[in-house]
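Colleague: Sequence:
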Amino acid sequence: METINFKRYSNILFGVAFICAALMITEKTYGYRSLIHIVFYITGALALLLSLLSSRQETYKGDFNLLFWIGSLVVFIALLLKTYHLPYWLYAMIGGMAISGLSFFINPFSNKPDREQEDELLDR
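Position 107 of the sequence shown, counted from 1, bears residue number 106 in numbering that gives the first Met the number 0, the numbering being contiguous throughout.
Incorrect hints may have been included.
Computed cross-link-like contacts, SDA-like style, restricted to lysine to any residue with a CA-CA straight-line distance of at most 25 Å [stated by the list, open to error]:
1) Lys6 with Ser102
2) Lys81 with Phe13
3) Lys6 with His36
4) Lys6 with Ile69
Ranges between beta-carbon positions, derived for each pair [stated by the list, open to error]:
5) Thr25 with Ile105: 30 to 36 Å
6) Tyr29 with Ile105: 39 to 45 Å
7) Ile93 with Thr25: 14 to 20 Å
Everything labelled a hint here was simulated from the structure, so no lab data went into it. C-beta: ideal position from N, C-alpha, C; glycine also.
With the hints as constraints, model all of the structure from the sequences given.
Modeller: Here is the structure:
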């Protein structure tokens with residue numbers, strides 16, 4: 000039986016949420032502000048959950064970085080704060096983006112240290 004490809008659906012939902020976020024930040028909602036907010040909340044939350052579920056699938060375990068997922072969650076919360084006009088949304092946004100950016104250089108939850116990967120390349 001074929002497993003559900005959560006990563007594909009997660010990426011699609013992230014794309015929809017990103018488009019909604021861009022429309023909200025630029026205030027180009029074309030009269031559908033409340034609908035765009037609802038679509039953003041639902042697709043963003045579902046995309047984050049599906050991203051976490053995809054990490055548990057055997058085929059994607061090496062690709063998942065929990066630090067990136069945490070940063071994405073903080074960015075999502077910052078966008079929620081902005082849409083509700085709550086203070087400190089910018090600090091949350093900068094923090095989430097910094098965590099996500101840091102995750103490209105550091106993966107503290109990696110099973111295999113970088114040193115072992117370098118040794119394998121040199122032994123060949």
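Colleague: Hint by hint, note whether the structure agrees.
Modeller: Hint check results:
no.	hint	verdict
1	Lys6 with Ser102	holds, 18 Å
2	Lys81 with Phe13	holds, 18 Å
3	Lys6 with His36	holds, 23 Å
4	Lys6 with Ile69	holds, 17 Å
5	Thr25 with Ile105: 30 to 36 Å	holds, 32 Å
6	Tyr29 with Ile105: 39 to 45 Å	holds, 41 Å
7	Ile93 with Thr25: 14 to 20 Å	holds, 19 Å
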